[in-house]
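Protein chains: 2
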Amino acid sequence: MQISPSEDKIPVVDSPSSPQGYGEGLYFSDGKRKVDYVLVFHQRRHSSLRSPASASVSHDRLSVVSNGNFPPSVDPDALAAAGRGGVMPGGEAACVGEVFMELGYAGGSESLEPADHEMRLMRQEFEANLQDAGLEIERDKEIKAHGPSFTRLHAPWPVLCREAEFLKIRVPTKTSYELKEESGFGSSMSTMWRKINQPFQPKVPRQDQGRTRYLSHSFSREKLHLYNITSKETFFDNTTRGRIVYEILRRTVCVRTCQTIGISTLIAKGVYDAAFPLHDGDFRIIGEVEERNERQILHEEWARYSAFYKYQPIDLVRKYFGEKIGLYFAWLGVYTQLLIPASIVGIIVFGYGVATVDTNIPSLEMCDDSLNFTMCPLCDGACDFWHLSTACGTARASHLFDNPATVFFAIFMSLWAVLFLEHWKRRQISLSFNWGLTGTEDDEEHPRPKYETILLQKRQRKQKTKKKKKKSEQQKPEDGTVRGKDRWRQKLLSAMAAGIPNPIDKLTWKDRLPGYFINVSSILFMFALTFSVVFSVIIYRITISALMAMSPDPAIKSNVRVTVSATAVIINLVVILILDEIYGSVAVWLTELEIPKTDTNFEERLILKAFLLKFMNAYAPIFYVAFFKGRFAGRPGNYTYVFNNFRMEECAPGGCLIELCIQLSIIMLGKQLIQNNIFEIGIPKLKKLVRAIKDKGSAVKEKEQGKPPQQWNLDYALAAFDGLTPEYMEMIIQFGFVSLFVASFPLAPLFALLNNIIEIRLDARKFVAELRRPVAIRAKDIGIWYNILSGMGKFSVIINAFVISFTSDFIPRLVYQYMYSPNGTMHGFIDHTLSYFNVSNFKPGTMPTNSNHKDISFCRYKDYREPPWSLDAYQFSKQYWCVLAARLAFVILFQNLVMFLSLVVAWVIPDVPKNIVEQLKREKKLLVDVFLQEEKEKFQLIQSLFSKDNTLKAGGNLFEQSPFFSAPGRSSTLPSGQTQASGGDGGGAPRARCRAASFSQFTRRSPSSPVNENGSSRHTAV
Amino acid sequence: MQISPSEDKIPVVDSPSSPQGYGEGLYFSDGKRKVDYVLVFHQRRHSSLRSPASASVSHDRLSVVSNGNFPPSVDPDALAAAGRGGVMPGGEAACVGEVFMELGYAGGSESLEPADHEMRLMRQEFEANLQDAGLEIERDKEIKAHGPSFTRLHAPWPVLCREAEFLKIRVPTKTSYELKEESGFGSSMSTMWRKINQPFQPKVPRQDQGRTRYLSHSFSREKLHLYNITSKETFFDNTTRGRIVYEILRRTVCVRTCQTIGISTLIAKGVYDAAFPLHDGDFRIIGEVEERNERQILHEEWARYSAFYKYQPIDLVRKYFGEKIGLYFAWLGVYTQLLIPASIVGIIVFGYGVATVDTNIPSLEMCDDSLNFTMCPLCDGACDFWHLSTACGTARASHLFDNPATVFFAIFMSLWAVLFLEHWKRRQISLSFNWGLTGTEDDEEHPRPKYETILLQKRQRKQKTKKKKKKSEQQKPEDGTVRGKDRWRQKLLSAMAAGIPNPIDKLTWKDRLPGYFINVSSILFMFALTFSVVFSVIIYRITISALMAMSPDPAIKSNVRVTVSATAVIINLVVILILDEIYGSVAVWLTELEIPKTDTNFEERLILKAFLLKFMNAYAPIFYVAFFKGRFAGRPGNYTYVFNNFRMEECAPGGCLIELCIQLSIIMLGKQLIQNNIFEIGIPKLKKLVRAIKDKGSAVKEKEQGKPPQQWNLDYALAAFDGLTPEYMEMIIQFGFVSLFVASFPLAPLFALLNNIIEIRLDARKFVAELRRPVAIRAKDIGIWYNILSGMGKFSVIINAFVISFTSDFIPRLVYQYMYSPNGTMHGFIDHTLSYFNVSNFKPGTMPTNSNHKDISFCRYKDYREPPWSLDAYQFSKQYWCVLAARLAFVILFQNLVMFLSLVVAWVIPDVPKNIVEQLKREKKLLVDVFLQEEKEKFQLIQSLFSKDNTLKAGGNLFEQSPFFSAPGRSSTLPSGQTQASGGDGGGAPRARCRAASFSQFTRRSPSSPVNENGSSRHTAV
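For the protein sequence lines, the chains are A and B, in the order given.
Residues in the first sequence are numbered consecutively from 7, following my numbering.
Residues in the second sequence are numbered consecutively from 7, following my numbering.
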């Protein structure tokens, strides 16, 4: 890239003095060119009171508007202006040194801080390079003492065309086809369905014209005539324009002043503060407007709670925010929609529990005073024997969740998870078809700034060691090294930008070893932390209940279980919430240490780590309650003790399932409520407030100048968009609550549903009103989240199998009914589950000290053990082994059955919906037809040309060799609209124009009439 | 398509009288044009003794060689010649009627059978259409009384170009890049590895030039200059040419004479007998040759047993036979290669069994006479009590297969299966990358002939019912219907060919309902058949052993078990082999009934069905032995009886595993040996012999004429290729033996390995020497087979878990050792597994009648039951439940552990090999660079042109609108080689020429020098 001297006629246009007239700051000062992107940097000069007319300001008055000429060249005006105010920052500015050398600047009148100064140079080089790439730039002419300065970028039509071709952006062609009309019964059904659905549809302008579908095709400048271009201003929508500009920003190199590629590195270095595309205008509708902009439509029809019952306008969301965010909301929508049947079945299952609680024999038996089971004391010494009928309440509550319907529900929910995933796969494919993403490849990604920095450092180290070996040859080793290094860096960087592979072109595992090491150890540490927290809470429960039981106050004693459980769960919840936030940041830190190469890479690793940590955190206490609580308590006379004093806790007499249920529901509800209210509403509000107070000064000044804030000012005041990971993470953890332990809490889907209805609108509001517009990112799927979801789905099968067989009493009941019951009913089940214990076998000191039941010799406890009078007393009885075998058999049966059913479901539901397959086939055929037709006409045209010209002996030879070049004059016969379209924009220089008028264009005419016309025009034109 | 009168100058060339001079019949008579495809039909005239000079023969002398002109039109010469000999076949020839009407023929001199005659017309129309599509045709001029007639097809360069572009065939470009050289340790390792590998490499000309890789890109006529075209004859290899011609054959319509699309329908209708591309010549090397053809190389280096230790030349196989067959052999190679470590581990495991058999306490205890276990009799009445030590042999044999190493081996083999699949996935991706298949889409498929016929019938039915409603309006209803129907059919067919959707364009489930019904019922019937066969064999065993036991001859008595087992297994094997063949044909028949739309569809359904049936067939007896045998035998005093008389069979005293092992090994080995020898070698030889005898007459005549057989004669004598399904199926069933029950037979991988080493060469030989050359089919993967393999892999986990825990004695031993053994050793295990039975409890008549052990009161039997002196005598004991629980727990543990490990393995091994990812990235970058460079040069050229012409005011306006057309004279400055290349072939008509000289070609020159040249040439040319 050399500076071409012919480029010195760039008009310097004054910036707008009153831009209100031009569409509220969405356009350049000429009111025509859209602002596609805004770069912001913060003026950090502290001498804010200097006079605006002083000499030093002259170089700030830069307001260069390139005319978008095509062949890249550095704008010398800009560089000169930049240099004029420059101070040679001495030896330190290794990074910017060279440009000074080249331009011959050695001093200046002003004393800018070097960093600021360097940054300005970087900005200037970067922006000059952007102009080289064809972008047009506008800056404010006015003086900003401090506060944000905005550089507005506009991509003219030729640039859009070029980039759209590179990015393979699919655009609609003129060719359309009709979707098949359903007939007969199906048709009337679908009409009815549409009618029923009408009130749930958002009022959004329809993008598709009924059943007509336009064929879309990757944009190509050689096929411009195929596309339906009504206006070059609107052919690419704002989102696409933003994406295109971002693509240029991403790959623009800054070689001279600082070896970087792309805007993100510059932002990371602090050269710019922010870079974002503009919103479409205000989201509030002020007064009467004839046409709402897209942001307003989204705000009205989507981002408000009152729209909760409506479908989401996903196509519009995708159009405005891009595919990645569109997919998130589509996914959330599908998930929420499918939660509806799950909730209904959950409610029915719960209703079954409620309905049968009064006829359920085991709980009736437990409540029956006449059966008079005297239970062994719950703690040593202080506690007395007790009657089982006092636990009647928990027994009844337990039945609500622990009944045969739960087994059905667990199977149902496992299949539901598979169905959900399959349904989503189909929806994803449908969406990616409708959004024209089928067949597109993933974008090539640039390395992350961090990665590049480390890579450069590594190269420098290598270079240095090489240099050291050659040191003897050098005269001024130090100077030479610095310069040599820079030269070398520069070379490297341009090589990198040009995609030339390098000897050291990647980081190996050796570079990452420390990162991995810290990673593994930190994750292990955090696992340990989580487990120790769980264990601490257990200890808390044991000690507190022991202490309370020993207290002489009967009021305290009676409330032991309730108090302890409640406080423990709340402690658990608080700890989970705190650790959740900590783990989130730790995961980011750890992922940075791994130095992933690309952003996708970074995201995947971050997600995996964050998921692992947050999952452990949220589920560890629940796992404990489900599978470990009460299993290590021992038996009367041989209890397990921790710290030599405290007996391990047991489950409530109603079974462990009810405790699991309580634990699960409190953690789930608490997490959702607190996270929604505090983390998603409260903290952003607080942040906004803080920033508002901070920026008050500049805002006041802005106001003083009497100008309404421009769109870029408004957008800059919003928070930056920082990825969808937290949103997805919240939902995935919730999916865990819905699927993993659903056997113990059938109402989980209902609560998830209620939460999600709010969550959708909350997130929507955030995106529409509270965040800067994110750059549209093309994405075909939700990436690693799908794998996590499907992994959880699989895991949930085995977890539910274990919950049903080990945590609930389902299997023991079955075994009793079919193997031990004398008459095939459940009568006597409670008696069967309780073993006998001879009171005289209590260890010294563990006997109840002041008991009301002095006369009994046997107490009962819940376990299958041999009675004291048996040969091997207190050993596990045959029933125990029998029940255990049944439990294990159930796990095998359940797991394999559900896995098999899941496979069948996944196999039966085709991944690609049938109508999409058909449409794809049809589109492919149509496309081939279009191109074939084109080729045929082209050929016929040439043929007739040839037969005409064959008589001209002179031209004959020429034509035979290359018939295509026989039509030089034909361009004058082109339809004028098309020619205007390709030649009508801007500066008049033909270079930057979209080179659309290739030969493929002139061949799309009918072959007969234009031939003569053409033949003659050829002769006349020459 | 109308007949264009300008096409009547087709030269009629005499066919070769002595074609030996021209490359052994691989070329047309001119010795230049390759024969790319051969269509064969059999002359079925019976008046074979007519004089060859008679008048009727004149129309047989057709020998049309089209010059490959481009725009399609019917060759009237051919049609006229066809009509000349035609007889109007009256009312019956509904199919060909119309063409007669049009051409005005009503009679002829000869009495051909109508069917023959119709077929000739069809052939003529079809071949005329082929000529329209640009193919060149040669037929024998000579008279063939009967016997095969050959139509040779040649695709000229323009047709190849056109089709290659449509088929998106990837071809190498001139751009190349170097593969990264490994450095340091890795490099020396790989050099060493190469050296070690050297003797195992086949001696095949290297296709890749060391580390240089040529970028490949889909063929496009507009980018001809990018490709490395040295000769237009060889640029597309024979395989590709065959594929291209097949593609044309597949989609060529036959509208007038018979409504069909494609050659396969014509073959199905008997119009042609066969259609195949030619082999590259003889596979035998006769005398000295300087260069072996590819078929010879394959035969020498691949298709012989002596090459068994070598790698397969997969790239050459793919080049010769196409991707689909290449993938099969690659898969077989990978499978065989991975069987090597599996065999080695299997041998080690078996070796461990052999080594420990003398120190194994349970088998020592079983052989120990002093322990003196008196066992209960094995049959009622006739059998006596017996000592356990007599079963010492089986106990020792049992230990060989039933030892702790087996558990390890089962886990190993489950992971091996996962590894195999992952490895194959990688290999598949690397192959498809090396073969240039990445990014290609699947070919659009035409419906199968059967489907089309049924569809036409359906439409006709619909049409008829519509017609009937309108009947009153018609004057001659019958004639009208026939003609109307034909018109309508014709319209439909051309619409189908043009891809226009039709109201009735597919068969619905209603049309297939009877097919499905027959399907389901047949499959159920065959399942029942399989099970009844298994059951019959059981009955056979029970009855024969009972009868033999009752026989008074002690010689018979002592051989009961051996005789019965041997005969039963042999019966089983024979039945399996017979049913296997039957089920194969039934599956084809059933799939035909389903009327699948495309061949892929057909293949998938067929494979699924055939697999299901053959799997059931092969494994039902094995499943019986593994999981059911001996479990329903009952206990002494309460045996289970079938047919009131015969006791259910029990396992051998050494355990069921040894029986499973015997069953498995005999079926596996027998199946492989017999199938390899009889079905794969014997039957084809037999078929060949039969055909040879049949064709003897014609062959003799051929010989008499003194002509050596042409290549097409030789190829026609070979068997047709009929799909890879049987080959894959054999291997998949074998994979089942290797994976499903591997816990019981660790030597299975070894036997599979030995079989496969032979199998590869056997199949190779078949493809090279015994089959006609198959059409190359593009395939990226092995399709549904992968799913079947992975399904079997998953299934094998659970099967092996059950085999280990239920069939083997592994779990009872563990339980004994850790729960019941008094000293932690295995001593006393046998005693522990045997329950007591009080002899007095025998039911009347079941007591041994003449026993040598009159004095005993208790006999032992193998089960965990309470002793007779217990309260609940003969009930399952606590040990039983305990062991059962342990078995089930082991299943859960094993299944989930292996599943988890499999997931980890699959997750750790990336699907796409790293170097492929890198190469892909690099190629993408290079490609973009190439195109960018091209565009830049193009642009610079135009720019300089423009700046030149800008001074010319007259031309300025013109150029501004369409700068591309400013280079009419440039074609004269093209490098002459290129221009020659695109204009040098054949007839001289420019229409059929590859339109390569598009403008993209002239821009690839360097921008500086040709500009002036060009500018001036433009001026001079005009």
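I should point out that these hints are in silico values taken from the structure, not numbers from a laboratory.
Among the hints, erroneous ones may be present.
Just so you know, same-sequence chains aren't split out, so a pair can sit in one copy or run between any two.
Straight-line distance between alpha carbons at most 30 Å, and here's what the computed BS3-like set of lysine-lysine pairs gives [what the hints assert, rightly or not]:
#, residue 1, residue 2
1, Lys180, Lys944
2, Lys275, Lys931
3, Lys942, Lys470
4, Lys431, Lys920
5, Lys180, Lys229
6, Lys330, Lys700
7, Lys229, Lys930
8, Lys229, Lys800
9, Lys456, Lys516
10, Lys786, Lys464
11, Lys920, Lys468
12, Lys927, Lys431
13, Lys174, Lys927
14, Lys456, Lys931
15, Lys927, Lys464
16, Lys920, Lys603
17, Lys930, Lys516
18, Lys516, Lys931
Okay, the hints, checked on the actual structure:
1. In this assembly of identical chains, Lys180 and Lys944 lie within 30 Å of each other by CA distance both inside one copy and across copies; the values are 19 Å within and 28 Å between.
2. In this homomeric assembly, Lys275 and Lys931 come within 30 Å of each other (Cα to Cα) only across copies, at 28 Å, whereas the closest approach inside a single copy is 50 Å.
3. In this assembly of identical chains, Lys942 and Lys470 lie within 30 Å of each other by CA distance neither inside one copy nor across copies; the values are 63 Å within and 38 Å between.
4. For the identical chains of this complex, Lys431 and Lys920 are neighbours both inside a copy (13 Å) and across copies (27 Å), given an alpha-carbon limit of 30 Å.
5. In this assembly of identical chains, the alpha carbons of Lys180 and Lys229 lie at most 30 Å apart whether taken from the same copy (11 Å) or from different copies (27 Å).
6. For a Cα distance limit of 30 Å, the shortest separation of Lys330 from Lys700 qualifies neither inside one copy, at 33 Å, nor across copies, at 68 Å.
7. Proximity of Lys229 and Lys930 under a CA criterion of 30 Å is satisfied in both settings, with 17 Å inside one chain copy and 23 Å between copies.
8. Proximity of Lys229 to Lys800 under the C-alpha cut-off of 30 Å is found in neither arrangement, the shortest distances being 48 Å within a copy and 50 Å between copies.
9. In this assembly of identical chains, the alpha carbons of Lys456 and Lys516 lie at most 30 Å apart only when taken from the same copy (17 Å versus 62 Å across copies).
10. Within a single copy, Lys786 and Lys464 get their C-alpha atoms no closer than 35 Å, and across copies no closer than 40 Å, so neither meets the 30 Å cut-off.
11. Taking CA atoms no more than 30 Å apart as the test, Lys920 paired with Lys468 passes between copies only; the shortest distance there is 25 Å, against 57 Å inside one copy.
12. For a Cα distance limit of 30 Å, the shortest separation of Lys927 from Lys431 qualifies both inside one copy, at 20 Å, and across copies, at 27 Å.
13. Taking the shortest alpha-carbon separations for Lys174 and Lys927, both the intra-copy value of 20 Å and the inter-copy value of 17 Å come in at or below 30 Å.
14. Only between protomers do Lys456 and Lys931 lie at most 30 Å apart by alpha-carbon distance; the minimum there is 23 Å, versus 47 Å within a single protomer.
15. In this assembly of identical chains, the alpha carbons of Lys927 and Lys464 lie at most 30 Å apart only when taken from different copies (23 Å versus 51 Å within one copy).
16. When the C-alpha separation of Lys920 and Lys603 is checked against a cutoff of 30 Å, the pair qualifies only between copies, where the shortest distance is 15 Å, while the shortest distance within a copy is 39 Å.
17. Proximity of Lys930 and Lys516 under a CA criterion of 30 Å is satisfied inter-copy only: 28 Å between copies versus 48 Å inside one chain copy.
18. Within a single copy, Lys516 and Lys931 get their C-alpha atoms only as close as 52 Å, which misses the 30 Å cut-off; across copies the closest is 27 Å, which meets it.
Hint compliance for this structure: hints 3, 6, 8 and 10 are broken, all remaining hints hold.
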